[in-house]
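> Letter by letter, the chains look like this.
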Amino acid sequence: MPARLVSVAATIRRLCSRPDGRKKKGRATVRDTPETTIRELVAELERRFPYAAAHLRRSSGTRIEDSGSEQHATQQHPTQGIVFTIYDGTTFRDYATSELAPDPLARAVRQWAAGLRPHPGGAPVIGGGYATIAGRDPRIFHTAPRLAPERIPLAEKLAHIRSIQRRAKDLDPRAVQVTAAYGDGIVSSLYIGRGRHLEQHLTRTTLALMVVVAEGQQVRTHMLTRGGTTGYEVAEITDDEITSTVETALRLLNAEHIEPATYDVITDPSISGVIAHESFGHGVELDLFPKHRARAAGYLQQRVAAPGVDLFDDPSRAGAYGSYFFDDEGELARPTHILRDGVFVSPISDFASATLAPGPHTPNGRRQDFTRKVYARMSNTFFAPGALTPEELIAGVERGIYLRSAESGMEDPLGWGVQVTAHYGEEIINGRLTGRLFAPIGITGYVPDLLRSITAVGSDFELTPGVCGKGTKEMVPVSTGGPHMRMRARLG
Amino acid sequence: MANNIAKTSALTTEHLAAALAATPGVSDWQVTVLEDEEAQQYVIGERVEAQREVHNERARVTVYNRHPAHSEMETGDALGMAGVTLLESDAADERALSQKLAEAVELASLTDNQPYALPGPPADGFPNVQTADPDLARDMTPAVQRTMDQLRSLLQQEQQVELSSAELLVTRSSRAMRSGQGIAAIERGTVATLDFVVLARDASGTAEFHAQLERRRLRDFALGETVPVYASYARHLLRARPPQTHRGPVILSGEALASLFSPPLGPSPLAYHTSAEAAYRGASRLKPGDWATGEPPRGDRITLSSDAIRPWGLSTAAFDGDGLPARLVRVIDAGRVRQRWATARYAAYLGIPATGAFANIRVEPGTASLDELRVTGGGPIYEIVAFSFMQPDAVSGEFVAEIRLGYRHDARGTVPVKGGALAGNVFSALRDVRLSRETYSDGRYLGPRAMRFAELTIAGE
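Order-wise, the sequence lines are chains A and B. Heads up: the first sequence at position 264 corresponds to 264 in this note's numbering, and the numbers run straight through without jumps. Whatever position you read off the second sequence (first residue = 1), add 1000 for this note's numbering.
No lab work stands behind these hints, which were simulated from the structure alone. This structure is a prediction, so every number in the text was calculated from the model and none was measured. C-beta: ideal position from N, C-alpha, C; glycine also. You may find that some hints are simply not true.
[To be verified] One side only, chain B facing chain A, incomplete, derived with CB under 8 Å:
(1) Val1054
(2) Ala1082
(3) Val1395
[What the hints assert, rightly or not] If you want the ones that stay clear, here's a sample from chain A, every Cβ over 12 Å from chain B, calculated:
(4) Gly195
(5) Asp310
(6) Asp341
(7) Val374
(8) Ser453
(9) Thr472
Here chain A stands alone, though its shape is the one from the complex:
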């Protein structure tokens, strides 16, 4: 998962979304789509094949960036496209296009489908067990941010982002480059299939403050990032947060390389989250099971982590960056309990992997955009909180490292290796932080060793926004997180 998962996470906000249940009125996003044509085409395909569905998605938004000497305000590249999917009895087949005019679309889909034939004898489709919506009327969901981005004038956004940039830049002359960036976007999608007609509108916002400091030949960076399925409120930032970001960058000018060894470590929520994501997130994607690429396949109902460790994937988490109401295959969002008290209890899946593996169908069928295939993908992946405060966790370490600010991670679902890069770490001696910093720090090891070494779980909880790929492609928005945790890890 090459993911830029950085520093301070958004506070989990109150429920900011609601299923509507009524016909939509006047929304611009999916309003003009040829829904009747799409329904007719899906119905035609359903008569010939065991499974047929259509998924339409539109996304648009604005991005603002201010580096002091330059200002950018651009529309985020909108995408618009529709995917028709059929299962012919052995193979899933997609036709995807950016063309949405009803007549050309219908011609193209019918021409594509004319070349397809059912091939009975393969795995029977599963995953219909959660079908709760039927009929012609769409069920509509939308996030309800406290401050709807579209209601904030662009000039006000530009002025606010410039103010953040200047407040940070003016703090220290060694801050040679400070960039503040804000983005908002709406992703609207429509799913028709399996008796379901669903529509959702997700607002996602992000704020980033990137600081480059230099002294002599030494150059360091630090970044604050927050984001969620929230509104313009994401751009609210305090002077303390700005100061802390700059001061951390300056402290990193004196950071050392860590002596490679195995250490007692305290992970901050961003590091805990990437460990969750890379270990029993990617490692339990059901589409890997029939490929014989997931060692976890042989560990269902077995202990893989220390007692007291619980791990979830939950796309229904209100306000989190990876949240949605239904996945790209019309499966309604709900949490999946992956590790219960240290025992592996459930993979995550998409419709195809649930059919072909087979296995439980969870709401994790996601695609990067209409040009790409659906896979089993994470949404918001996190360890559940425990009982001790972060201060108590640190106090329990005689000699170790407090790992901060996850930068990236990479999965190894068959070998069960894990790679997480921390932007920096701080030395702990006799339960106290010494102020001595090391950067960057690589955390590597064998997943079960790492998870079984967990000796304490914090009572706090934070989620960090990021993007996740399958390998180095297929990027989707996610969040990762959890509490502070205490474990042993090999650092270098």
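Fit chain B to the supplied structure of chain A, relying on the hints for placement.
Just chain B, lined up with the frame of chain A:
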């Protein structure tokens, strides 16, 4: 593959240029119309899991607006720019198109930047570059099938291994550009992405090697050569053990080396610090004439170029995003920064020649053979051939990456290793390095097959 979308006329550079000419407040503009046709196949073992056909068409428009500066930091005129992506439905509806362009102008009018001029057509025209695979000129599905069949066949000839899964995505694209400065050009290209996993099994268990290849042409996958290598990697992983903690010589070879110079996300530290953009923003630690490594190197001296004309390179393009013609730009010569590479904007800001965006990376080879680099001289040498994920920090040059597969060479022979992490800093690592004379190329990197760094740190057991 079906190619059955009736071509419409609304999403063309001519149509959008006419609309821009009629939009008040546009002081300059650029339009790029992109059209992609894709064929994708996904297999699990012998079975086709999924098959996809994709058609995607959109236009990217950048509008520029000159206006009195809003900010007290600016004096005189400021230039604002805004990007907007238009879809067929936007372009087909004149009223909607006018509104989108007016919104873009408004967006541009709110931002203040130092003015600069976009380039016009080059006097000698754009170079002819090779970017489109003739094997993908027509129906792409048979070519996809042939490649998948070849992959399976080659793996069947290998001992102890099997195909776990494979994904092949081929894209045929056209990119048409038109600008307010008179550029009108079109370029066609292809890209093929092959992602496959080789499983090796023995009594001790199962191991995998995950290959991710991206090339302009299917033939450049060179499956006859690469598949046996990846099969051997998978077999070696069956008996690979974590490395010992090590501070000393480390060889990076093949794709592991390429990822240090051409990381998967974002620029390499050397490309970043030699850019006009970093210099303009005050974040570059290098200037022309400086040692790229900050001090005189003790080993081989790096010569590094941005190569936009390399045949079949993934970043090869007749023109960059500004409309500057493709060229080979030597950025670092014998260890010293020779010149900054600069897009039109930052070239104007710094008053230096515009070279175009950084393209394929090219590093000149050295004189030592691979065997010479592997001479142990007493202590062990680690050679890393694959990382889990190598992404050096572009600003600091620091890197740390898990070793997916490597080898420990010492007096007793060679054993495979995996796990642990390699850590270092690109700038300090290059101060004492030897380059192989054998070369390696992938989609974006062309250079030595291996480099031996005198001292790097491996965090192992």
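> Hint by hint, say whether it matches the structure.
Each hint, compared with the structure:
1. For B:Val1054, the suggested interface contact is upheld, since its CB lies about 4 Å from the closest CB of chain A, less than 8 Å.
2. Hint status for B:Ala1082 relative to chain A: holds, with the closest Cβ pair at about 6 Å, below 8 Å.
3. With 8 Å as the threshold, the beta carbon of B:Val1395 comes within range of chain A, its nearest partner Cβ sitting at about 5 Å, so the hint holds.
4. No Cβ of chain B approaches the Cβ of A:Gly195 within 12 Å, the least distance being about 23 Å, so the stated non-interface status holds.
5. Every CB of chain B lies more than 12 Å from the CB of A:Asp310, the least distance being 26 Å, so the non-interface label holds.
6. Non-interface call for A:Asp341 relative to chain B: holds, since the shortest CB-CB distance, roughly 27 Å, exceeds 12 Å.
7. Distance check for A:Val374 against chain B: the nearest CB is about 9 Å away, which does not clear 12 Å, and the non-interface claim fails.
8. Against the 12 Å criterion, A:Ser453 stays outside the reach of chain B, whose nearest CB is about 15 Å from its own CB.
9. Consistency note on A:Thr472: stated as away from chain B, yet its beta-carbon is not over 12 Å from all of that chain's, at 5 Å minimum.
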